[in-house]
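Residue numbers (my numbering), protein chains in the order written: chain Z, 1 to 316; chain H, 1 to 352.
Treat the hints with caution; some may be incorrect.
[Stated by the list, open to error] Here are some chain H residues the structure puts well away from chain Z; computed CB gaps all over 10 Å:
1) A71
2) H82
3) E84
4) L125
5) D220
6) S233
7) S241
8) S290
9) D324
[Stated by the list, open to error] Residues from chain H that face chain Z, not an exhaustive set, calculated with beta carbons under 10 Å:
10) Y57
11) S115
12) L127
13) A131
14) L199
15) D265
16) D291
Read the hints as simulated data drawn from the structure, not as lab findings. All of these numbers come straight from a predicted model, not from anything done at the bench. Virtual Cβ for every residue (Gly too), placed ideally from N, Cα, C.
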Amino acid sequence: MAPLSAPLEVGFDYTRSLGPVLGRFMTGLRDRRIEGVRGSDGRVHVPPVEYDPATAQPLSEFVAVADEGTVESWSWMPAPLEGQPLAHPFAWALVRLDGADTAMLHAVDAGSPDRMRTGMQVRVRWTPEPVGSIRDIACFEPLEGPAPPRPDPSGGEPVTMVTTPVHLHYEHSASEEESRYLRGLAEGRLLGQRCPECGKVYIPPRGACPTDGVPTSEEVELPDRGIVTTFCIVNVPFLGQRIQPPYVAAYVLLDGADIAFLHLVLGCAADEVRMGMRVEAVWKPREEWGTTVANIDHFRPTGEPDAPFESFAEHL
Amino acid sequence: MNTDIAVVGFAQAPQVHRTSGTTNGVEMLVPVFQELFATTGLSRREIGFWCSGSSDYLAGRAFSFVSAVDAIGAFPPIIESHVESDGAWALYEAWVKIRTGEVDTALVYGFGKSSAGELRRVLALQLDPYAVAPLWPDSVSIAALQARVGLDRGLWSEKEMAEVAARSRADGAANPHAQLGGAVDVAALLEEPYLADPLRAHDCAPVTDGAAAVVLAAGDRARELCERPAWISGIEHRVDSPVLGARDLGRSTSAAAAAAAAGIDGVTVAELHAPFTSQELLLRRELGLSDAVRINPSGGPLCGNPMFATGLTRIGEAAARVMDGTAERVLAHATVGPALQQNLVCVMEGRS
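Based on the provided sequences and hints, a complete structural model is requested.
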């Protein structure tokens, strides 16, 4: 049977502080003005660099440059990807703005590759609502005809932060061993596997035994009860939390397993949970089961005598 | 201090468009390690140092390399390190570790499941996060900007680029690990549509899942483990500015500097980490390789590009030409970053 796989979406806003050089550059963009920085050799860097490429000294002499420039190289993007400046076909270009000595990478809205050539003149198309980001430059456009009316500078406090949304899409695959475990959970079974060399039983089973470097192989069905080896009391609220703190996250070592896995221990006061405490699984209603360890809602104390420390000291 | 260090073993996973395995590489790495232990006669417990190269962004999760450590059997504790880069840079770290005299063997591995995400977009996250990455320029488009610079300047032609692709595909046919290989007609390639003008599909390395591993050893230990070790006579890595518009994309000064420092005179085989045809032509010029130097007899990255293992594979493939006696002195090149930003050159030779 093929391993289980599912889409994995990774998304976050990357928020960065800017510092004096990039902060001034982004503030300028917000105000529809492009500024570079002069290096020790007199060259004007746009976008500005914080440190001189030749001497590594900090740079601070800002130089205003034009919002028109020359294409130094270009490539054509027939099928734009998510997040790129334009949703219709466009050119990527290295544009050296008039007054600058280095080129900046951006998009050129040219309509067709036939209109692109190295050496062509382009001008900035500003975005209607600048915020202090490289994307305040919506794109460049071929310098033809009269310049459009220049929007008024927006002004405001200096820009000190930039936020970049990141969205990536993956197809995540579980290993063959994990897939057997996850399919077992959908049937209410806890399936571990035994390492053929050292004999240790892992749940979830592993693509390779961390002691021997060989895949686990022999299937072992484990009971849904065991002991708490170690635990922590969660007192801190955080985004996405499903239970009101305080609560206990614990390593549960099922009877017959050689590795503990993380789950919740509920059903008693948090301060009553202890190492060696015997616990059993509380399953969700069968109609809610899927290929997930969340089929077990939590573990609860069984009331049996605690396991002696020596019996699990090797598993901490 | 150990001064004589050699590659004594190399193994790689099949280069395939997509595996059904996990992004932590364990399934690909376990057989690769078993092959290496079989060919060198080493056991896992005899490896002095382990070093790997991979990328969390490729895997789409944090600390993905930690799971890969399972494949090497990390208990009882081992000496292990990781670089968020191609495995070639992990090999450099291992070479330094052996130089210190602390260990006399090292196993270096690199792996990547490029197919798990959208590779062209994932690689945008290695760019300047302020003025470049927020535009999401993709890796193929950036290579196309570099290809255009050379075309405009007359450094290479689209026909020469297609000839690189055709030669690579022909060589790939003889490499059992290669993803692509076979006879292609240059004129027909030039009729294909552009993927990112001026690059066509054949100008670009295929998206590839894979893994590679190399064993290094010092002095007498190397001679015990391998009949004809590939002795490292020079290894250097250099870096150019990450600012694409501030460097001459028609040059790779860091590759030239690394080659000069490593000392590449007399090499007859060069495995170049050029995921784009134009980059191979650029590197040939920058390294000053004559027509007599055999480039990428393995088929090279254009026939299989397992991200974060491709550079290490170049070292392994070049070393294999020494170990099997078909070459005396070889060059391996590895790169990371956009448009050949960072470059590593490793020169290896046989010794009687």
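Structure-based check of all given hints:
Under the 10 Å C-beta cut-off, the non-interface status given to A71 of chain H relative to chain Z is violated; the minimum distance is some 5 Å. Listed as a non-interface residue, H82 of chain H keeps its Cβ farther than 10 Å from every Cβ of chain Z; the least gap is roughly 16 Å. Residue-level check passed: E84 of chain H sits 16 Å from the nearest beta carbon of chain Z, beyond 10 Å. Look at L125 of chain H: its CB is around 7 Å from the nearest CB on chain Z, not clear of 10 Å, so calling it non-interface is violated.
With 10 Å as the threshold on Cβ separation, the claim that D220 of chain H sits away from chain Z holds: the shortest Cβ distance comes to roughly 27 Å. A cut-off of 10 Å between C-beta atoms confirms that S233 of chain H is not in contact with chain Z; the least separation is 32 Å. A cut-off of 10 Å between C-beta atoms contradicts the statement that S241 of chain H is not in contact with chain Z; the least separation is 6 Å. A cut-off of 10 Å between C-beta atoms confirms that S290 of chain H is not in contact with chain Z; the least separation is 29 Å.
Every beta carbon of chain Z lies more than 10 Å from that of D324 of chain H, the smallest distance being close to 27 Å; the non-interface claim holds. For Y57 of chain H, the suggested interface contact is upheld, since its CB lies about 8 Å from the closest CB of chain Z, less than 10 Å. Below 10 Å, beta-carbon pairs count as interface contacts, and S115 of chain H has one with chain Z at about 8 Å; its hint therefore holds. For L127 of chain H, the interface hint holds, since its Cβ comes within 10 Å of a Cβ in chain Z; the closest pair sits about 9 Å apart.
Hint status for A131 of chain H: holds, given a least beta-carbon distance of 4 Å to chain Z, under 10 Å. With its C-beta approaching chain Z no nearer than about 7 Å, L199 of chain H sits inside the 10 Å limit, and its interface hint holds. A distance limit of 10 Å between C-beta atoms decides the matter here; for D265 of chain H the minimum to chain Z is near 30 Å, and the interface restraint is violated. The beta carbon of D291 of chain H is not positioned within 10 Å of any beta carbon in chain Z (closest approach about 28 Å), and the interface hint is therefore violated.
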